[in-house]
Each structure stands twice: as structure tokens, then as C-alpha cells.
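Participant: Residue numbers (the working numbering), protein chains in the order written: chain A, 13 to 283; chain B, 13 to 283.
Treat each hint with caution, since some may be false.
Treat identical chains as interchangeable: a pair holds within one or across any two.
[As the list claims (entries may be wrong)] Each computed BS3-like pair below joins lysine-lysine, with the alpha-carbon atoms no more than 25 Å apart:
1. Lys228 <-> Lys246
2. Lys211 <-> Lys103
3. Lys41 <-> Lys24
4. Lys264 <-> Lys254
5. Lys70 <-> Lys196
6. Lys246 <-> Lys71
7. Lys228 <-> Lys211
8. Lys41 <-> Lys196
9. Lys249 <-> Lys264
10. Lys103 <-> Lys210
11. Lys71 <-> Lys196
Please keep in mind that the hints were generated in silico from the structure rather than gathered at the bench.
Number of protein chains: 2
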Amino acid sequence: MENIYEHILSHKSIRKYKEKEVSDEILNKVITAGTRASSSGNMQPYSIIITRDKKQRKKLFPLHFEQTMVLEAPVLLTFCADFNRMRIWLKQSDAPENFDNFMSFLIGMIDATLASQNVALAAEAEGLGICYMGTTLASNGEISKVLELPEHVVPVVGFSLGYPDEEVAARDRLPLEAIIHREKYQNYTEENIREIYKKKEVDGMKRYLSHPDLRKLIEESDVSNLAQVYTKIKYTKESHLKYSADVLECLKNQGFLNNIKSEDTTIILKQ
Amino acid sequence: MENIYEHILSHKSIRKYKEKEVSDEILNKVITAGTRASSSGNMQPYSIIITRDKKQRKKLFPLHFEQTMVLEAPVLLTFCADFNRMRIWLKQSDAPENFDNFMSFLIGMIDATLASQNVALAAEAEGLGICYMGTTLASNGEISKVLELPEHVVPVVGFSLGYPDEEVAARDRLPLEAIIHREKYQNYTEENIREIYKKKEVDGMKRYLSHPDLRKLIEESDVSNLAQVYTKIKYTKESHLKYSADVLECLKNQGFLNNIKSEDTTIILKQ
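With the sequences and hints as input, model every part of the structure.
Facilitator: The structure is reproduced here in C-alpha cells:
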């Protein structure tokens, strides 16, 4: 049996999968691992939607920005913040129905995310591969419709799952010292930043240039370094402002933005 | 070496710690495990603040609602969504400075949370114990001040860390079938809910009654079941609305709520 530490260190995102199915037995096993993650007040305010059906995957494909794994991996898992289940129980028990607010969404989001990482690691221990898809959050309003989520249930993270059909190298990471701070946040100097991102600049640019579509985009634009790839091509201000509004709209529609007020802050959502 | 699956299944939150220090070597090792978690676009938009100093812990103690681990565990880790580091690099590279919006905060929050779960599991593999503290999010504005976080850095999850000085049993969990849905969300019937929460009602109530302070609160109030403990004592609507406003206020102050608008949604933050 592999060392746990080595196992965690060997994670790579897998985007190409064999056609081989993932058995219900293994799926139940790895999801059970998910449920052992810490949970606020042990409420387990999350649900996991298992997608195998081809029709469902075709509907999800554009919402996940046409990532091929959505069609080709045998399983997609969508982890949702879920206070619907708990609220039915509260109502049944003559308890005040709370958890229809922003804080509750964030608590559900954290717990769903912790569970997902346990599932990911357990899956990898079974010889499976996974690839997280940030599009789960970006498109969460439309995904909610496809998965027929009721109020107080919102997709937050998700990944494809299946037996790997590619060998990939582990991605580069920033130096450890770049992400830890002792006692207080030590802000970065210009020199720090140059040093921290030096390796990433080389590795990241090489990676993006090896991807034909991205290479074309990079060559056709006025992009001259990796930082510009990030915010001129991959994550533009416009796209992020749209996702910000979309996610808030989803939170409102799913009943997580009720009654937000305090003495000095009022949020007004206007239609 | 323990089986990875068994390792994940054996997680328990530890609230009592030995005085023994956690060495820098082990701390670096487990945090390195954190950095191997998946990260959106491999941006690693998070920072981890290590607190050992007693003075700092005294300041954090009330913000963590006087949980004893804050004073007694040798280490606290605070995982923050962090786009400050990346934005300095963008500016240095003449790239548009994005990531000062709500979507970016959520991306940082997810990545910080995934990293935290890797750190938790790696720590447990080293014989350490951890206990997540939801107060990291609830008090994130005040915690930001104590940790001197700059704009675009926000605490999201955190836990105490140290060598366990208690034996605890694994907590109850909902049945697996209660949290998974195949293809589409299957909403719960009244009967489902009674079945799902039957065991939790017994185990949960027993647990809270064994805790002297909670027992007193329960006995002095008109609480008659576990659901009521949750929303009349532990998580009231009032407290959650306050935290919702506090967290939004923190997001605004730390520069993550800029320019949110779309055709049909406008968020106005009023002072």
C-alpha cells in the first residue's frame, strides 16, 4: 500500500479516460470517504449528484465550456451545498427553519469542497483519475436546472472520474515559502514576486504553448508573458464579472440571499 | 503503512492536545501536501498563516468564540483566499489586474479549502490531530486585522493542529443514500427524512447532552429535539444573518466586491 503522503503528492488532473465503467461498489466506497471529511456542526450540508447518463452529459457539456471529459469520462460528480434536506427535517421537527442565507451557503460550500477532496484522494487510491472543473461554479445556475436542484441546493465543485488513459507529469507549484506566512502576513516585495514566479513563468508558458488552441490564441494576440495569458486570455475581467453576477443570481434564485442586513451593510438585489 | 481509505475513514476532530511542539520540518511537509491539491488554472490563489505565538493566539481566542484549542494547540493554521500575490505579479508583468471580484474570492475559497483538506489528512498521517473551526469564516473580518492581511486576502477555513491528548470516537454520519442522487436530484419525502435522521437524532442528542454547557442550555430552554438544538441554540437565524453581513463586509473591505453588475442584477453596498 502506497504511503499517504506520497499518494497526496502524486496527484495529477486526468483529462483522458478509458471507456471502462466505474462500478457502483467503487463509487460508493469513494463517496463514503467523502462523508468522513469534517463538517460544520456535523450537519453534512451537501449532496453529490452522480451523472452517468449520456443525455445528461450532453446537456452539461456546453455548461462546462465543452471540456471533453464531460462527454468522455464515465462519471461526473457534482458537489452541491445543500440545506434543503436539513430544512425539511427542521420543519418536520417544529424547529425554526434557518439556513436560507449567505453564511449558510458558504458553510455548505466549504463542507462540499472538503468532502470532494476526500473523494478525489480515495478515487486516486482506487486507480481512478479526476479533473476538477471550475465551470461547475461558473455555470451553477444552468447546471442547477439540468440536475433539477430544488431551492437551497447549489453546485459548487465537481470533477470527472474514470480510469486514466493518459500519462501526465505533475504540474509545477509555487515554492512553499511563497504561500506560508508566520504569525502575520508578510507582504511581498517586487523582488520576492519575481523570484516566486520565475519557474512558473517558464513552465506555465511552455504548457500553454504546447496546447494547439491556446498557442493559436496566444500567437494571434498581443500577449507576451504568462501573466498576460492569465488575464487577457484565460480569465478576463469581463468574464469574471459575468460569473460573479451569474453566481449571485443563482444564489438568489436558490434561496440563499434572503434578509441580508446589518446596521451598516445592506445588500439590495434589483431585478 | 496504513491504507489510504482506512486513513480517511478514521478521521476525528481533536480538541485536546499535548504540549509537544510540531516541528517546522513536519509542518512544512504537511503544508507541501496541501499545495498538491487541485487549483483553478494552477494559480494557487491562497496563503496559509501559521500561528504559534501566544500573544497572537490570545487575540484570536475571542474571535474563535473562545474555543480552547486556540490557546492550547501548539499551532493554528488559517487558510486564506489570496489574490494579492498574483495581482502584484500581474502588475509587474503589465497584465490587466483582474481577480478583485466575487467570483475570484470563491475560486480562492475553493482552492484554499481543497489545500486545507490535504494538509489535514497529511497531518493525521503524521500522528497529529486537527479540528476545523468554522469561526475562521464567521470572524474573518476581525481575524484579517489580527493577521494583518492586505486587500484581496480573506480567511476562509482554519484548524488547530497538534499531538492528540484525547481518544474520541468517530462521529455519526448520515446514510450514504441520503446524500447521493443519481442523474437528477430526487427530493426527499417526509418518510425519507424521518428515516435519514433517525440515528442522528439519537447520537446527536446524546452527544450534546454529554457536554455540560450545552446540556444546561438545552435544559433551560424549550428545546425538545436535535433539530431544535441546531436552530434554537447552535445556529440561530439571527447569528447567521449577522455572519452573512459580516462576511460580506469583510469581502467588501478586502476588495472582492468590486463592480458587480449584470443586465438584471445589481448589488449595492450601502455604508
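Participant: If a hint holds in the structure, say so; if it does not, say that too.
Facilitator: To see whether the hints hold, each was checked on the structure:
no.: 1; hint: Lys228 <-> Lys246; in the structure: within (13 Å within a copy, 55 Å between copies)
no.: 2; hint: Lys211 <-> Lys103; in the structure: between (55 Å within a copy, 18 Å between copies)
no.: 3; hint: Lys41 <-> Lys24; in the structure: both (21 Å within a copy, 19 Å between copies)
no.: 4; hint: Lys264 <-> Lys254; in the structure: both (15 Å within a copy, 18 Å between copies)
no.: 5; hint: Lys70 <-> Lys196; in the structure: between (48 Å within a copy, 14 Å between copies)
no.: 6; hint: Lys246 <-> Lys71; in the structure: within (23 Å within a copy, 40 Å between copies)
no.: 7; hint: Lys228 <-> Lys211; in the structure: within (23 Å within a copy, 57 Å between copies)
no.: 8; hint: Lys41 <-> Lys196; in the structure: between (41 Å within a copy, 20 Å between copies)
no.: 9; hint: Lys249 <-> Lys264; in the structure: both (22 Å within a copy, 17 Å between copies)
no.: 10; hint: Lys103 <-> Lys210; in the structure: between (56 Å within a copy, 15 Å between copies)
no.: 11; hint: Lys71 <-> Lys196; in the structure: between (47 Å within a copy, 12 Å between copies)
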